[in-house]
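**Student:** Residue numbers (our numbering), protein chains in the order written: chain R, 1 to 172; chain X, 1001 to 1118; chain Y, 2001 to 2411.
These are computed hints drawn from the structure, not numbers from a lab. On a predicted model such as this, the values are computed, not experimentally measured, just so you know. Heads up, the beta-carbon is just placed ideally off N, CA and C, and yes, glycines get one too. Check the hints yourself; a few may be wrong.
The calculated lysine to aspartate or glutamate pairs, modelled on DMTMM-like cross-linking and capped at a C-alpha distance of 20 Å, are [unchecked claim]:
| # | chain 1 | residue 1 | chain 2 | residue 2 |
| --- | --- | --- | --- | --- |
| 1 | Y | Lys2379 | X | Glu1116 |
| 2 | Y | Lys2327 | X | Glu1116 |
| 3 | X | Lys1038 | Y | Asp2099 |
| 4 | Y | Lys2379 | Y | Asp2319 |
| 5 | X | Lys1038 | Y | Glu2091 |
| 6 | X | Lys1033 | Y | Glu2091 |
| 7 | X | Lys1086 | Y | Asp2198 |
| 8 | X | Lys1086 | R | Asp128 |
| 9 | Y | Lys2058 | Y | Asp2083 |
| 10 | Y | Lys2058 | Y | Asp2260 |
| 11 | X | Lys1086 | R | Glu140 |
| 12 | Y | Lys2327 | Y | Asp2371 |
| 13 | Y | Lys2086 | Y | Asp2260 |
| 14 | Y | Lys2160 | Y | Asp2099 |
| 15 | Y | Lys2204 | Y | Asp2344 |
| 16 | X | Lys1057 | Y | Asp2319 |
| 17 | X | Lys1032 | Y | Glu2091 |
| 18 | Y | Lys2345 | X | Glu1094 |
| 19 | X | Lys1057 | R | Glu166 |
| 20 | X | Lys1032 | Y | Asp2099 |
| 21 | X | Lys1086 | Y | Asp2344 |
| 22 | Y | Lys2204 | Y | Glu2285 |
| 23 | X | Lys1057 | X | Glu1116 |
Which chain Y residues stay away from chain R? Per the calculated CB distances, all over 10 Å, these [to be verified]:
| # | residue |
| --- | --- |
| 24 | Ile2035 |
| 25 | Ile2047 |
| 26 | Pro2069 |
| 27 | Gln2079 |
| 28 | Lys2090 |
| 29 | Tyr2092 |
| 30 | Pro2095 |
| 31 | Asn2104 |
| 32 | Arg2310 |
| 33 | Ile2357 |
| 34 | Thr2375 |
| 35 | Val2394 |
Sample of chain R residues with no beta-carbon within 10 Å of chain Y, all distances over it, derived [unchecked claim]:
| # | residue |
| --- | --- |
| 36 | Ile10 |
| 37 | Thr15 |
| 38 | Ile16 |
| 39 | Ile17 |
| 40 | Trp91 |
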Amino acid sequence: MTVMQLIFLINAAVTIIAGIMMARVQRLLHAALWLVLALFGVAITFGLLEASFLAIVQVVVYIGAIAILILFAIMLTRGGTDDTYDNSKRWIISIVVALIALGGILLALFTWPQGQALTTPLTPAQQDIGAIGVALLNPEGYLIPFEISSILLLAALVGSIYVGIEHKGEEK
Amino acid sequence: MLHEWLYLVIFIAISMFIPAVAIGMAALLSPKKPAPIKNSIYECGIETYGPTKIQFKAQYYLYAILFLVFDVETVFLFPFAVAYNKLLLFAVIEVIIFVIILGAGLAYAWRRGALEWS
Amino acid sequence: MSFIADPVIFITNWLNGLLSGWGIPAMWVQFIMFIIGAGLLAFGAMIFTIGLIWLERKLGGRIQDRIGPNRIGPWGLFQPIADMLKIFTKEYITPIGADILLYNLAPILAMAAVLGLWAVIPLSSTTFGTNINVGVLYLIGIGAIGELGIILAGFSSNNKYALLGGYRAVAQLLSYEVPMAITLLIPVMFAGSMGLNDIAGAQKVAFIFQAPVAALIFFIAGIAENGRAPFDLMEADSEIVAGYNIEYSGLKFGMYYVADFLHAFTSALLFATIFLGGWRGPGAEQYPILGFVYLFIKTAVVYLLTITIRFTVPRLRIDQVMAFNWKYLTPLALATLLVTALVDKLAPVGQGLLRIILLLVANVLLFLLADRLVTLYRKNHQKLRKVVTGIRPVPVTIRPTVATEEPEVNS
Chain R
1 MTVMQLIFLI
11 NAAVTIIAGI
21 MMARVQRLLH
31 AALWLVLALF
41 GVAITFGLLE
51 ASFLAIVQVV
61 VYIGAIAILI
71 LFAIMLTRGG
81 TDDTYDNSKR
91 WIISIVVALI
101 ALGGILLALF
111 TWPQGQALTT
121 PLTPAQQDIG
131 AIGVALLNPE
141 GYLIPFEISS
151 ILLLAALVGS
161 IYVGIEHKGE
171 EK
Chain X
1001 MLHEWLYLVI
1011 FIAISMFIPA
1021 VAIGMAALLS
1031 PKKPAPIKNS
1041 IYECGIETYG
1051 PTKIQFKAQY
1061 YLYAILFLVF
1071 DVETVFLFPF
1081 AVAYNKLLLF
1091 AVIEVIIFVI
1101 ILGAGLAYAW
1111 RRGALEWS
Chain Y
2001 MSFIADPVIF
2011 ITNWLNGLLS
2021 GWGIPAMWVQ
2031 FIMFIIGAGL
2041 LAFGAMIFTI
2051 GLIWLERKLG
2061 GRIQDRIGPN
2071 RIGPWGLFQP
2081 IADMLKIFTK
2091 EYITPIGADI
2101 LLYNLAPILA
2111 MAAVLGLWAV
2121 IPLSSTTFGT
2131 NINVGVLYLI
2141 GIGAIGELGI
2151 ILAGFSSNNK
2161 YALLGGYRAV
2171 AQLLSYEVPM
2181 AITLLIPVMF
2191 AGSMGLNDIA
2201 GAQKVAFIFQ
2211 APVAALIFFI
2221 AGIAENGRAP
2231 FDLMEADSEI
2241 VAGYNIEYSG
2251 LKFGMYYVAD
2261 FLHAFTSALL
2271 FATIFLGGWR
2281 GPGAEQYPIL
2291 GFVYLFIKTA
2301 VVYLLTITIR
2311 FTVPRLRIDQ
2321 VMAFNWKYLT
2331 PLALATLLVT
2341 ALVDKLAPVG
2351 QGLLRIILLL
2361 VANVLLFLLA
2371 DRLVTLYRKN
2381 HQKLRKVVTG
2391 IRPVPVTIRP
2401 TVATEEPEVN
2411 S
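Given the sequences, and given the hints that come with them, work out the whole structure.
**Tutor:** As structure tokens, this is what we get:
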């Protein structure tokens, strides 16, 4: 058991427990905070795979923007106080669905030929973030998805403003 | 490269540990005399009434959405910035198109009055 | 490498040799060195804040034509220590209904968010915490953790005003992250890497000359991120009664206070590293200790500028703060990014000085254009206050009947 394996196991355990607690706690705000912990676990997983850019983007975008958005949404609506959701009857169904999904993912992983390969440390050329940049802007690379993502962001922005503007006039 | 990240984790752990130790030390040194009027919520000297959750103000959420969109845009632009010295003028034109599309979003928000703090 | 030239590396090598000599395997030696280094840096930063608090109060007093602390110790030097002793022994009053875990976690997160910035800053050519290759994005991420701490503080205090203050504070911090992140793209473009070591090392000519508008926007956004004047309605006493940290007392409040002052200095440090060249200066590569000195001088200049702005400029309202960010700083930052990227690619290759001059000219033109647009906008959108009635009659001035002495002039 190397140190890396130990760190990975602890990180995986924390992430899974955070995910389960997120689904199980009563107060919505605490669920959002368990989500933040789970997202941290994912960022550390990226870091362990030496994808440093993705790890830091996970923290900046998911925890810095999306988690704060979720917290705002919870706190600004009545969701923070309405904790009367009765989830005692449905947990069996959700566990069965989750186990089926997990079984499917594990099946896909074990039949994938690369699934059993060990990770090797990346060469400096593979760690270069400039390569991501060159690939993103290469017409034979990912240029079209790059531009389409900007249109997607524009659509999200315009949509949320359109919905939000109506509500702006509602409060006193 | 991983040992650099290890240093970061150690640093953040220590920088959370030191204030915790300081607060714990102060908890040992300080008096503890809780009284109902001391522990009550501060509301300019009067008792609090009404629910403790304030009213829904859509403006906060709009600012958060605006921040999210521009944050994701900036994150997309970081690999471009790192690879800038190896790229051609064509790549810069592509990025200009990218930024102009999102600038149009900002202009839309401006015109619709989503940026006003009402 | 003698001790005088580079004390930090000298001590590091000596400790390395000592620990290896005791027979500890290399990985554990590195781990222990990391812990010692991180502990010293974090602890040193916190202790350094005591001097910063004294400097700020003294200087602020002088700007406001008063003396500042002068009772305790020569020139009031021990005033912050007395303040710390007082704060250590104050009682922790936890409000009823507060979420205990979150309530106690929030000041620790706020402090960790500021201390965490020190891990990536190159203090000299050889001394740095860590050289991760995504240093610039790490700065933005740590800011996000700080915002999380503020929103936790506001919510867990079970207080309407704390919640409102928390929302406003987070709205302001979120908004000013955008121009800060966009302008941080420009030094990354010039240096070709996101690591702060590489950015500091690539500045043969300081980046402030190549991208002055970006430096200005970063400076302003840094002040706004910190919550200092003129953007300090997060903590203004006359606004929402101290904002999100109403319900904190004792050292928990002290943590917010210390984090505020340390963040101001750290912002100045980051500005000096990213735009002013950091530890670079004549002879800083051969004698790394000179790197400390240069960095300190540059940071001191920026920090004193920040303090002067704080005590000079009046406070902005929240709608002015937001309008300034979304209607001026963000479009200007985007425009600067595009113009800089374009001009840098169009400049003839190999001509260093010509490129810098072209960039400088482009930035100045952009700034003047933005200024002109703002004037046009203000002319079109100026809301004139309606005059309700005519000139109102004013009461007759009461003259003193007995003119014995001049009234005292209070300044």
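**Student:** Please go over all the hints and tell whether each is borne out by the structure.
**Tutor:** Verification of the hints:
For a cut-off of 20 Å, the pair hint linking Lys2379 of chain Y to Glu1116 of chain X stands: about 18 Å separates their Cα positions. Restraint check for Lys2327 of chain Y and Glu1116 of chain X: satisfied, since their Cα atoms lie roughly 10 Å apart, inside the 20 Å limit. Proximity of Lys1038 of chain X to Asp2099 of chain Y is assessed by CA-CA distance (about 17 Å); at most 20 Å being required, the pair is judged to hold. The straight-line distance between the Cα atoms of Lys2379 of chain Y and Asp2319 of chain Y is roughly 19 Å, inside the 20 Å bound, and the hint therefore holds.
The hinted pair formed by Lys1038 of chain X and Glu2091 of chain Y meets the criterion: a straight-line CA distance of about 11 Å does not exceed 20 Å. With a CA separation close to 8 Å, the supplied pair Lys1033 of chain X and Glu2091 of chain Y stays within the 20 Å bound. For the proposed pair Lys1086 of chain X and Asp2198 of chain Y, the alpha carbon gap of about 17 Å is at most 20 Å, so the pair holds. For the suggested pair Lys1086 of chain X and Asp128 of chain R, the alpha carbons sit about 13 Å apart, so the restraint of at most 20 Å is met.
Of the pairs offered as hints, the one joining Lys2058 of chain Y and Asp2083 of chain Y holds, with about 14 Å between alpha carbons and a cut-off of 20 Å not exceeded. Taken as a hint, the Lys2058 of chain Y and Asp2260 of chain Y pair is honoured in the structure, with Cα atoms around 17 Å apart against an allowance of 20 Å. Of the supplied pair hints, the one linking Lys1086 of chain X and Glu140 of chain R holds, its CA atoms being roughly 16 Å apart against a limit of 20 Å. With a CA separation close to 12 Å, the supplied pair Lys2327 of chain Y and Asp2371 of chain Y stays within the 20 Å bound.
A C-alpha spacing of about 19 Å is found between Lys2086 of chain Y and Asp2260 of chain Y, which places the hinted pair at or below 20 Å, so the restraint holds. The hinted pair formed by Lys2160 of chain Y and Asp2099 of chain Y meets the criterion: a straight-line CA distance of about 14 Å does not exceed 20 Å. Taking the CA atoms of Lys2204 of chain Y and Asp2344 of chain Y, the gap is about 16 Å. The hint holds against a cut of 20 Å. The hinted pair formed by Lys1057 of chain X and Asp2319 of chain Y meets the criterion: a straight-line CA distance of about 14 Å does not exceed 20 Å.
Among the hinted pairs, Lys1032 of chain X with Glu2091 of chain Y is consistent with the structure: their alpha-carbon atoms are about 6 Å apart, no more than 20 Å. Note on Lys2345 of chain Y and Glu1094 of chain X: the hinted pairing holds, with a Cα-Cα distance of about 13 Å set against a maximum of 20 Å. The straight-line distance between the Cα atoms of Lys1057 of chain X and Glu166 of chain R is roughly 12 Å, inside the 20 Å bound, and the hint therefore holds. Note on Lys1032 of chain X and Asp2099 of chain Y: the hinted pairing holds, with a Cα-Cα distance of about 19 Å set against a maximum of 20 Å.
For a cut-off of 20 Å, the pair hint linking Lys1086 of chain X to Asp2344 of chain Y stands: about 12 Å separates their Cα positions. A C-alpha spacing of about 12 Å is found between Lys2204 of chain Y and Glu2285 of chain Y, which places the hinted pair at or below 20 Å, so the restraint holds. Straight-line distance between C-alpha atoms of Lys1057 of chain X and Glu1116 of chain X comes to about 13 Å, which keeps the hinted pair within the 20 Å bound. For Ile2035 of chain Y, the non-interface assignment is confirmed: its Cβ lies about 15 Å from the closest Cβ of chain R, beyond the 10 Å cut-off.
Under the 10 Å C-beta cut-off, the non-interface status given to Ile2047 of chain Y relative to chain R holds; the minimum distance is some 28 Å. A cut-off of 10 Å between C-beta atoms confirms that Pro2069 of chain Y is not in contact with chain R; the least separation is 38 Å. No beta-carbon of chain R comes within 10 Å of the beta-carbon of Gln2079 of chain Y; the shortest separation is about 37 Å. Separation of Lys2090 of chain Y from chain R is adequate, the least Cβ-Cβ distance of about 28 Å exceeding the 10 Å criterion.
Even its closest Cβ contact with chain R, about 22 Å, leaves Tyr2092 of chain Y beyond 10 Å, as expected for a residue assigned away from the interface. No beta-carbon of chain R is positioned within 10 Å of the beta-carbon of Pro2095 of chain Y; the least distance is around 17 Å. Annotated as non-interface, Asn2104 of chain Y keeps its C-beta farther than 10 Å from every C-beta of chain R; the closest such distance is 14 Å. Non-interface call for Arg2310 of chain Y relative to chain R: holds, since the shortest CB-CB distance, roughly 26 Å, exceeds 10 Å.
Its beta-carbon lying about 27 Å from the closest one in chain R, Ile2357 of chain Y satisfies the requirement of being farther than 10 Å from that chain. Look at Thr2375 of chain Y: its CB is around 28 Å from the nearest CB on chain R, clear of 10 Å, so calling it non-interface holds up. Consistency note on Val2394 of chain Y: stated as away from chain R, and its beta-carbon is indeed over 10 Å from all of that chain's, at 37 Å minimum. Residue placement check: Ile10 of chain R keeps its beta carbon more than 10 Å from all beta carbons of chain Y (closest about 16 Å).
No Cβ of chain Y comes within 10 Å of the Cβ of Thr15 of chain R; the nearest lies about 18 Å off, and the non-interface call holds. The Cβ of Ile16 of chain R lies farther than 10 Å from every Cβ of chain Y, with a closest approach of about 21 Å, so its non-interface assignment holds. Residue-level check passed: Ile17 of chain R sits 16 Å from the nearest beta carbon of chain Y, beyond 10 Å. In this structure Trp91 of chain R is separated from chain Y by more than 10 Å, as the shortest Cβ-Cβ distance comes to about 25 Å.
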